[in-house]
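Each chain is listed here by its residues.
2 protein chains.
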Amino acid sequence: MAKINAHYLKLEAGYLFPEIARRTREFQAKNPDAKLMRLGIGNTTEPLTPAIVAGLHAGVDKLADVKTYTGYGDEQGFVELREALRTRYAGYGAELAADEIFVSDGAKPDSANIQSIFGVDNVVAVQDPAYPVYVDSNVIGGRTGKGEKGTYPGLVYMRCDESNGFFPDIPKQKVDIIYLCSPNNPTGAVATHEQLRGFVEYALKHKAVIIFDSAYAAYISDPTLPRSIFEIEGAKKCCIELNSFSKEAGFTGVRLGWTIVPKACVCEDGAEGELNRLWLRRQTTMFNGASNIVQYGGLAALSEAGQKECQALVAYYMVNARAIREGLQAIGLECFGGVNAPYVWLKTPGGLTSWAFFDKLLTECHVVGTPGSGFGPGGEGYFRLSSFGHHEDVRKAVESIKTRLKL
Amino acid sequence: MAKINAHYLKLEAGYLFPEIARRTREFQAKNPDAKLMRLGIGNTTEPLTPAIVAGLHAGVDKLADVKTYTGYGDEQGFVELREALRTRYAGYGAELAADEIFVSDGAKPDSANIQSIFGVDNVVAVQDPAYPVYVDSNVIGGRTGKGEKGTYPGLVYMRCDESNGFFPDIPKQKVDIIYLCSPNNPTGAVATHEQLRGFVEYALKHKAVIIFDSAYAAYISDPTLPRSIFEIEGAKKCCIELNSFSKEAGFTGVRLGWTIVPKACVCEDGAEGELNRLWLRRQTTMFNGASNIVQYGGLAALSEAGQKECQALVAYYMVNARAIREGLQAIGLECFGGVNAPYVWLKTPGGLTSWAFFDKLLTECHVVGTPGSGFGPGGEGYFRLSSFGHHEDVRKAVESIKTRLKL
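Chains A and B, in that order, give the protein sequences.
First residue of the first sequence: -2, per this note's numbering; consecutive thereafter.
First residue of the second sequence: -2, per this note's numbering; consecutive thereafter.
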């Protein structure tokens, strides 16, 4: 008799986005004339840029020609793509080898699958609030108890709130695996060198491993802020970094990302290089490489022309971030983020719960956002607005909030 | 202190294809003038076909236009694509719902990841020989002991040899999860309705789940042979099926596949629909959908024009299969498969081990193939030749074997 992986039953049923979709549908059904404005999911809306489009077409053409057709490639991705990424990191002052970089179909799958190279008996720490995949993948991996009211026993929740500028304090207890995300989803906070240094020192001292999600690094315009954890001394010995073309190049649907597992990165029972070898083995066994067509697009995105276009794309969305932030502040709402990050994190007015504010924003302003409590207990009383949208749509949403929200 | 997933250490170090690559490199270095001919990896060589190329270009163009751009889609894939697959299965007499079909980035990742929805305490049975991913993913998942000489304690090896026509006998002991692959990689054997019916009856009786890999179904030309396990009565209650565009449409590098988890498929502790919900949860948490560009290509592959081209592509490779089979038989080698499958499975002459025959074929004929023992203990004494190659290259390889192999 086949038995299921019972860890799945520990997951709380109501995943955030389906519940948002349900309430939104319900409202729309009752108010068919209301024109909804969506600042919810962080989903890109602007078309792929010319250099990337050309790269993708050229990639398709290569596969249409017997002389340039390719089938299975290295599961780790094109050598040229890994070299181009290596060059990017060299620009951050981080010297990496191409075989420390693993191209993938995106940062979400990697952030979920990376836990599988670690044993079940690791204590996992997450920022609170955090991107739900870190938590859910570890629940499925068996490192927690059953969830109740958004909290899973066994996980260490590192509170991020106004008191610490939405960057967690160093854990007081001993933890083994630490997820950090900067620029942060959902809070929009960006870690400084000093803040990251504190965690790297902790990890080195306790032989912990930091899984650093830098999927929004392209949104950092302040040159004093680190875009990679490998800018921090010693980080190669204790850090894994995830990143993506999704938000930088508009690849949310196109699917391309990468993960860096330095050979120097070790853990308790691991010899030098062991985590790198384990991830290589995971990827060669359980993955078959990102689409070659998409990788041609990624190469184009990393070209000089591609990078200029990506910067313009990021700047486009950051116009929205500014409009949202300034609009909210104009009516006296307290908000954070939205400067070097595409997310604006606002404190719900009048002590409303996140879901109560969701309903209020939906019914009064016809704007759909994301309740902070969906990102963990520490998100309660907060709310996320996303800058991904057409200028005109975001402008209308901000105007609606400014004029119709009853405070 | 972070600890690794120690199950990885149970995997045997020498994975098949790296070892083939190592021996091949070594031979080439010593014999720089030898022109190697490769009938090893099952990697497609012919270009994408016109309808698919047009579909992919159109897909790229959609993403280049603000009016048709899309970002994140359903993790389960385009509705139209799932509908098109549903229609295909209806043609096999299998009625499925679109939400029982999950589009993915290929059958390899799915065949590796599907085990993660099952508990650790399941007894897993594999055909022997078998595609190594079934075994390795279950080793990593913790369902075996440490491997020695290609065998993992805890796994049930279902021997496939000449005595049973390379299709396994029904297990005598109780097993919980059964991997079947038809048309088979590596043996090229294709299961009959009756053979599959035996396993479905076993699974229903013991509440076991069959994971049926039909990645080569497009290579079946005999209309009396089943292309899907869902052609068997009762299969929806106990079977999961994996398939792929890789070998049908030349998508080995493009990456697109699908997995079917019927809602009727249950296991011991599972209510109706539970396996379907678990896989949905797995895919929505750990995966972010196949590339939208690639899905446009998949839609084109399933169009009337696309299907005609795919059939021609399959027929092209099957010309090779016939040439290999007839060539080997002409010099008295005993071989199997290669009729409704792209793999020819030959018995090594003179009682040679698989690796000894590998070396012999390489040094005498300059042909690279795949040692059967790489697919499990039951593959010892056999050898796999792949039909994926240009006609001219395969013709030369067969000629070289016929004229230079010392028997």
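In short, the hints are calculated from the structure, not lab data.
Just so you know, these numbers come straight off a predicted model, no measurement behind them.
A few of these clues could be false.
It does not matter which identical chain is meant; a pair holds if it fits inside one copy or across any two.
What the hints assert, rightly or not - Below, computed lysine to any residue pairings styled on SDA-like, alpha-carbon distance capped at 20 angstroms: (1) K204 / P168; (2) K0 / R194; (3) K202 / E43; (4) K403 / F24; (5) K399 / L349; (6) K27 / N161; (7) K64 / H388; (8) K64 / H54; (9) K171 / L402; (10) K7 / V117; (11) K357 / I328.
Violating hint indices (sorted, rising): Checked against the structure, the hints that fail are numbers 2, 3, 6 and 9, while the rest are satisfied.
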